[in-house]
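Novice: Residues per chain, in single letters:
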Amino acid sequence: MIDLSAISIKEARESLKNGEFSARELAEAALKTIEEKDPEIRAFLEVYDDVLSQADLADKKIKAGEDTPLLGIPVAIKDNMLLDGKRATAGSKILVGFIAPYNSTAVRKLLDAGAVIVGRTNMDEFAMGSSTENSAFGPTRNPSDTSRVPGGSSGGSAAAVAAGMVLGSLGSDTGGSIRQPAAHTGIVGMKPTYGRVSRSGLIAMASSLDQIGPLGKTILDAETLYEVIRGQDPMDSTTLPEGAYGEEKGFSKTIGVPREFVEAEGMDPAVKNNFGRVIEKFKSLGYKIKDIKTPSLPYALAVYYILMPAEVSSNLARFDGVKYGLRVEGENLLEEYLQTRGEGFGIEARRRILLGTYVLSSGYYDAYYGQALSAKRMITAELRKAFKDVDLMLTPTTAAPAFKIGEKTADPLSMYLEDLFTVPANIAGLPSISVPAGNVETDGKNLPVGILLTADLGKEDYLFRAGKEFSGEAL
Amino acid sequence: MDKQKVLSLGKLARIGIRDEEAEKLSHEFEAILGYVGEVSKLTAKEGDINKEEMLSRNSMREDGSPHESGIYTERIISQAPGRQEGYFKVKKVL
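So the sequences go chain by chain: A and B. If you read the first sequence in the working numbering, its first letter stands for residue 1, the second for the next number, and so on. If you read the second sequence in the working numbering, its first letter stands for residue 1, the second for the next number, and so on.
Chain A on its own, in the form it takes in the complex (with noise of 0.2 Å):
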């Protein structure tokens, strides 16, 4: 059988072509690597039933000589992609039975290349959460030790890259929601620029930060999948064109390390540990590390933690027990409507919307919402600016690995700061990357870490270049 595990899309593709397998039996060896490790990972929440249709469909092309980028590729999306005629739920209750009336721009440009689309992974719901725990389902487990979450909110779409089920995902992230699961699973996980990919089509969590993004386990898997969902589109009105980002300055080999950031914090010194030999490491390919002085990053979760909660608590309105999904029948329509979102949400979901409603409450706005939206523009011109000096800006992923399950969810701050060094990304609307970077020992255990790239607007390929060269890919 193929192990999807120890080939990339790009030999995967190439041995389509070259007929050494075909794309039924890849996908044949995907849902049998599923059937056997899913029932303890708990990635998917549904295959689907066409797999190896598409899959067959995939075959034809191939014969005929069609080469799309991932022709007969088993890809696996996230719960809150809508994929026609096929159930989404965003790791709901309240959208329990929602069957998506149209695509996703995202999913259906995977469509366009080829892609067999074998299911919808788990996620916290709504995309709320760094673990999965959130997930109305039951939490994915980590396939580095299955105590342990995969991290979140995209945890199913990166446990299912990492235990071999599928060659690559899609994960939205709004506060690190790709790239801190692919650094507690040993993967590759890049959030676009703002704009850069659509949106249509996604289920929205806080408009002004999410982004859909790859999870792959090379470099080149994620650009491949990149560059297939990536462009302008019109049913997205924050899509830009290309070349809206300015200028080409040139790759100079530069990073930067926000250092007081990364050192103020509580890091697993083994994290740290880990962190010093990456920069030797890309001393040692020939880059320049510069010092970087960041001082309103410390800002940027709380700023997330005002601006998100107030974007979900407006998005959110419209689970309403009318439209679709869950209905609790009550004594009025008021009263549907307390009862409905009552039940249908989760505890974070409902946490963040309360939380929302309060920061957007007169009295408070200023205070709150002005405030944070103020902090916003500061720490987004403060990062500009820094790429003036440095191609890159790079942090670790996460200041410790995967956590075991159960461990944070009595404390919900503690949770949120597992986003410290991803969330920047998000309120400035950056490219960022997370390249693992290794294992360190914890409890007896070897578990993934990984580093955080991050690059102007529009920068992508930087991340791209300086990650292969870290991973020793071929540029």
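If you're looking for bench data, these hints aren't it; they were derived computationally from the structure. It should be emphasised that the depicted structure is a prediction, and the values quoted were computed from it without experimental measurement. Warning: the hint list may mix true and false statements.
As the list claims (entries may be wrong) - Listed next, with one range per pair, are the computed distances between beta-carbon atoms: (1) SER147(A) / ASP19(B): 32 to 38 Å; (2) GLU68(B) / ASP50(A): 25 to 31 Å; (3) GLN84(B) / SER147(A): 48 to 54 Å; (4) GLY472(A) / ASP19(B): 54 to 60 Å; (5) GLU46(A) / LYS41(B): 41 to 47 Å.
Said to hold, decoys possible - Looking from chain B toward chain A, a few residues come up when the C-beta cut is under 7 Å (computed): (6) VAL39; (7) SER59; (8) ILE77.
In this text, a Cβ means the ideal position worked out from N, Cα and C, and glycines have one as well.
Fit chain B to the known structure of chain A by using the hints.
Specialist: Chain B in isolation, oriented as in the chain A frame:
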């Protein structure tokens, strides 16, 4: 932040909250608001910001010919928990 405040937020947000949950949430909100309140320290020097660097704008699509009326109605309405012909059905408001 106290229990009553959480209950009234629940009403504003149209989310039914039980008393004991409101009590628990009020303590969590204290901690979270204490943390996010830190942003007030950042806003003193906003004059430094170059607004040109803020890249958020809308790109509008052509205001072209719309699709034929009603062709998506069935797809959309078929998702509704309650319907009557081509309409969403809800309890009376007044």
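Novice: Which numbered hints does this structure break?
Specialist: Hint check: 8 fails alone, others pass.
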